[in-house]
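Trainee: Here is what each chain is made of, one letter per residue.
2 protein chains.
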Amino acid sequence: MVLRFNPWSYLCQLMNNKPTLFTALTPALLHLYDLKDSIVVIIDVFRATSTICTALYNGAAKVIPVAGVENCIAMGKQIVGSITAGERDGKVIEGLQYGNSPAEYPRSFIQGKTLVLTTTNGTKLLHMALESGCSEVITGSFPNLSAVCAHLLKENKNVVLGCSGWKDRFNLEDTLFAGAVIREVKEHFTIHCDSSLMAESMYDRHKDDMFEFIQKTTHWHRLSAYGLEKDLQYCVTPDIANVVPIYRDGELLAL
Amino acid sequence: MVLRFNPWSYLCQLMNNKPTLFTALTPALLHLYDLKDSIVVIIDVFRATSTICTALYNGAAKVIPVAGVENCIAMGKQIVGSITAGERDGKVIEGLQYGNSPAEYPRSFIQGKTLVLTTTNGTKLLHMALESGCSEVITGSFPNLSAVCAHLLKENKNVVLGCSGWKDRFNLEDTLFAGAVIREVKEHFTIHCDSSLMAESMYDRHKDDMFEFIQKTTHWHRLSAYGLEKDLQYCVTPDIANVVPIYRDGELLAL
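From first to last, the protein sequence lines are chains W and A. Residue numbers for the first sequence follow this note's numbering, so the first one is 2 and each next one is one higher. Residue numbers for the second sequence follow this note's numbering, so the first one is 2 and each next one is one higher.
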């Protein structure tokens, strides 16, 4: 059995009246945190949540995240003005129309359309969060860093930063984004969590050599082999698509 | 379903003929790694694996790690010259004789004796490793850092560094030790693992302010409230009990 209730954190919260912030480093660790009444930030830097905020920033009506390819195709047929998208191994999945690259969704193409997107790691985490009784699910990545931070400060609720990882393993790019959020908002939260301390320390160390450091990660090696370096560079660039995608009734909308 | 086989890692291994090294950040992530024929290093810096190497360094005949208090008491009655030990919330568990502090086991006391030790996080991980078909289980912590590294280099097998964490959550002190090992041995292994990259980066950043940084961790706050600062300082001091505890038939022995 695992500890969900953290008396230390609860005591701190009572004493200083600040909401708590925790970081779940992979979906396999999300169940260790009490998500009830919290805002959960789904983080999938390479590339789902970077693509989601970019599409919404460029005027997409909504993004519908779905778990499987068949669901994605079926949903695409139902919705007028929708496009289906998803990748495996750097290529558009057979039966879908577009890939998982933010560069595919400029305003001239995506404005007013509905993007039905299937992803592996991010969608899994999103559905886990929804089943937990959380207050709200939003998505975060470097392109909407400031928008996410501003939203968390405005709402003043408990927060869990949920990293999507890679097939349940820890990954660096999601952790670095969690660290970037923590650095911006930490004065306004009670943070008593080694994952958050590590994330902030890693971001602090690598914020000035982010693009160089990120090239050492496993995900970079995996995706750059498909010629996706420009995509990856975009995905670690802060504040170029500053909207907050919020999940409501099966859809992600720009707040 | 999770990915156990990593084609990239396998390819690297074939190409450069070096064994692989991975880091499992908590017991909840251990199943993601293929432990078969690997050396698993169990890491529980605060304080189980620090106490284990200290007792063996000071001449204990063996250490028997057991999962529960009842097992510990029963085992203590069976073995002549044994002492039972275990703590909860910084106090000796009722029914046991000693605690989980390395300071309790100087040579004058422990030499020739069998230490039957019950711990929470470390023992759990050890039993998980044993069930995985691994080649060998050893324990590591700062007091036996160099001995562990020398052993890994000598054996030249695949390695998984297993952090015990805290009730399945990530913790910093075990990760920092993993990073210290990686820094010493990395030239001799194929390391393609974000957890290892992070652990090494964190160690590299904090190796010179380890004692100051470690005081920010959740475990430090928990244990220092019981007046255990000296213990914790000991547990992050490298190479003061340089033996390799190796698990054989239910017992940890000095190699």
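Some hints could be false.
For chains that are exact copies, the list does not tell them apart, and a pair is met inside one copy or across any two.
[Unchecked claim] In silico DSBU-like pairs for lysine-lysine, Cα to Cα no more than 35 Å straight-line: (1) 19 / 231; (2) 231 / 37; (3) 208 / 92; (4) 187 / 92; (5) 217 / 78; (6) 78 / 187; (7) 19 / 92; (8) 114 / 19; (9) 92 / 155.
These are calculated hints, taken from the structure and not from any lab test.
Trainee: Look at each hint and say if it fits the structure.
Mentor: Do the hints match the structure? See the list:
no., hint, result
1, 19 / 231, "between (40 Å within a copy, 32 Å between copies)"
2, 231 / 37, "neither (38 Å within a copy, 38 Å between copies)"
3, 208 / 92, "within (30 Å within a copy, 42 Å between copies)"
4, 187 / 92, "between (39 Å within a copy, 34 Å between copies)"
5, 217 / 78, "neither (40 Å within a copy, 53 Å between copies)"
6, 78 / 187, "neither (44 Å within a copy, 52 Å between copies)"
7, 19 / 92, "between (45 Å within a copy, 32 Å between copies)"
8, 114 / 19, "neither (40 Å within a copy, 50 Å between copies)"
9, 92 / 155, "neither (39 Å within a copy, 43 Å between copies)"
The structure does not agree with the numbered hints 2, 5, 6, 8 and 9 stated previously, though it agrees with the rest.
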